[in-house]
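Asks: So you can see what is in the structure, the chains are spelled out below.
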Amino acid sequence: MSFTRLLAVAKKEIVQILRDSRSLIIVVIMPVTLMLLFGYGVNLDLKGLPVYVYDRDGSQQSQDLLKHFQASEYFHVVCVVDGYPAIAKALDDGHAKMGIVIPWNFSQRLSEGGPVQVQALVDATDDNTANVLIGYAQAVVQGYSAEVQINWLHERGQSLQPAAMSVETRTWYNENLESSAFIIPGVLALVMSVIGAFLTSLTIAREWERGTMEQLISTPVSAMEIMLGKLAPYFVLGMFDVVVCAAIAIYWFHVPFRGSYVTLLVSSALFLVVVLSLGFFISVLAKSQFAASQIALLITFLPAFLLSGFLFSIEQMPVALQWITRILPARYYVSVLKQIFLKGTPTAMLYADLIPLAVFALVLALLATSSFHKRLE
Amino acid sequence: MPEANNSVVVENLVKRFGDFVAVDRLSIEIRKGEVFGFLGPNGAGKSTTIRMLCGLLRPTSGHALVAGYDVARKPEAVRQNIGYMSQKFSLYNDLKVIENIRLFAGLYSVPAKELQGRIEWVLAMANLKGQENLITGTLPGGWKQRLALGCAVLHKPPIIFLDEPTSGVDPISRRQFWDLIHQMAEEGVTVFVTTHYMEEAEYCNRLALIFRGKMVALGTPSELKRDSMKGELLLVECEPLGGAVEALQSASEVMDAAVFGNALHLVVPDAVAAMPRIEKYLADRSIDVSHIEKIRPTLEDVFVSLTTARDAAEERKP
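Read top to bottom, the protein sequences are chains R and V. Read the first sequence against the working numbering and you will find it ends at 377, with the numbers running on by one and no gaps. Read the second sequence against the working numbering and you will find it ends at 1318, with the numbers running on by one and no gaps.
Just so you know, these hints were derived from the structure itself, not from any lab. Keep in mind that this is a model prediction, so the values were computed, not measured. Among the clues, some could well be false.
Stated by the list, open to error - The list that follows gives simulated cross-link-like pairs (lysine-lysine, DSS-like), each with its CA atoms no further than 27 Å apart:
| id | chain 1 | residue 1 | chain 2 | residue 2 |
| --- | --- | --- | --- | --- |
| 1 | R | Lys287 | R | Lys343 |
| 2 | V | Lys1088 | R | Lys374 |
| 3 | V | Lys1096 | R | Lys287 |
| 4 | V | Lys1096 | R | Lys11 |
| 5 | V | Lys1129 | V | Lys1156 |
| 6 | V | Lys1214 | V | Lys1074 |
| 7 | R | Lys374 | R | Lys47 |
| 8 | V | Lys1074 | R | Lys287 |
| 9 | V | Lys1230 | V | Lys1280 |
| 10 | R | Lys287 | R | Lys11 |
| 11 | V | Lys1032 | V | Lys1280 |
| 12 | V | Lys1096 | V | Lys1032 |
| 13 | V | Lys1088 | V | Lys1129 |
| 14 | R | Lys11 | V | Lys1088 |
| 15 | R | Lys374 | V | Lys1074 |
| 16 | R | Lys89 | R | Lys47 |
| 17 | V | Lys1096 | V | Lys1074 |
| 18 | V | Lys1113 | V | Lys1088 |
| 19 | R | Lys374 | V | Lys1156 |
| 20 | R | Lys11 | V | Lys1214 |
| 21 | V | Lys1294 | V | Lys1032 |
| 22 | R | Lys374 | R | Lys11 |
| 23 | V | Lys1096 | V | Lys1129 |
| 24 | R | Lys47 | R | Lys67 |
| 25 | R | Lys11 | V | Lys1129 |
| 26 | V | Lys1156 | V | Lys1032 |
| 27 | V | Lys1225 | V | Lys1294 |
| 28 | R | Lys374 | V | Lys1294 |
| 29 | V | Lys1230 | V | Lys1294 |
| 30 | V | Lys1230 | V | Lys1214 |
| 31 | R | Lys11 | V | Lys1113 |
| 32 | V | Lys1214 | V | Lys1225 |
| 33 | V | Lys1088 | V | Lys1156 |
| 34 | R | Lys287 | V | Lys1088 |
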């Protein structure tokens, strides 16, 4: 191993990156864009869902119930209509997620103290949203129902017996139940995947395509020196982006950071080694920029997006998929990120994630090293 | 170790790609300080040979020693002793001239205290003084070739391999490039160069003609022109040319007939004896001969004659 040769390759790579506006855009603008996109754009919290109402009763009580819906931050009563067809149309057109129908005898039944049913028509195209919506609707109706009950008893000089049991909840780690706090730390895994696998797969395949690799390997530079010299600048850029993304998460989006900065850097470095090795390995096999970049995105970015637990919780995936996630390095990195940001888990308790990550880094680095030969065949 | 006066020794070198034999039992010895040309059409196996000699392709069988090192077993030792210019221009187009030079100086581990001197030397040699900060991709073809050669010899290797170094370069630049090659050879550098330009082959000390992976002739350009033709050469100026070629194909004496510019080159066993008979043969077919003479063959004649002979031999095989 000659440091002079390694340095020569690395210097050349840095000049090329600095001179290539596309690389710079990916290194500087892409991480910020992804952070903002996921910070603002992807919001799994359901708020202000559009609701259409068909009030067949038109009484004081029915208006009170609607006020409860309106007061809830989850619903936004867009429109009061006078018939089922209008509700059906609004649901069809996607103008409403839910239609509420109050029966004609609503106030009458209430004054009799009898049970009365309010109908909710829900757009269940997205079953998850629908379930959440039904839960919220039940909560609103139950809240109003309890109020009515208290008044009814009160008028008769009675008072409601307190319920035998109730749940007192306190949310930990993500106290305000904001999905952005859950999502943003994981964006780092996406950024690393793009920087690591996508960019490096391009840079090495480009050398094959342009014929410069042939000149390079005709010199005494060793395969290891080429690999390290080419990857080192991307490693530095990747770590730079880790710091940028973490700063945006903490200072812009106010995602709590409770763990250790050292652990953040160590786990990011390990994950970078994983994706850089993969990118290198792919480009050695594919030898064309287009094929290499497509494969790189397919096997790093996509799993990091869908199966890493970044957006969708792994525990809720089918068992088979859960097993598949175990062979995805991104899963362990995302898990570490979420824990050090939100929970402040001590490093000693993160070994279950850090060790697999280190093993992946080692195995893939060896694979990348052994895949590259200074031959044209 | 081979004798010290041989830079490259090739014995029965074979390269197969699947069923295709790209290089077929090639044996050559190249002396120190020689400009050795490898002449042949595209696809003849020139690049494949040069790549094997640079340790970039593994030979299927046979041996090759470059600077005394076996190319299959000691490719790294070979690389420290050679400079290589691949067929396609393959410096970095997005780097400046000086950045390319520094890169290759680093790759060849040129010592720091010698670096500035070597850079000056390469810039002077390639005639690129004052152009250090130009982006390589913007240079004209001839400049690029000189820069590529400069980068390949930064470490002062005893042997350089040039794969079609002047393809796509204008004639004046080509001439300058060959001056450079001879300059290096005078300093004792062995130059192995491939080309498909016949006129360029004349610049070489010795030539190997290669066709379909096989060496069909070996010698100095004048030896080849003198000895390798089967028969002698007649130049015939006549009208119409096309009709004459067709007619002469069936003349018993004519071994080969081809159009060269505005005249015909005929290969015949005995030129002086054939001259009057050819003239009559053409006159009988109302083709008007304005000039006929015995000429010295060019390398192209030699090459065409050797390859058509080989084609004919292969057709006769069952």
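Asks: Failing hints, ascending?
Replies: Of the numbered hints, 1, 7, 11, 12, 17, 18, 20, 21 and 28 do not hold.
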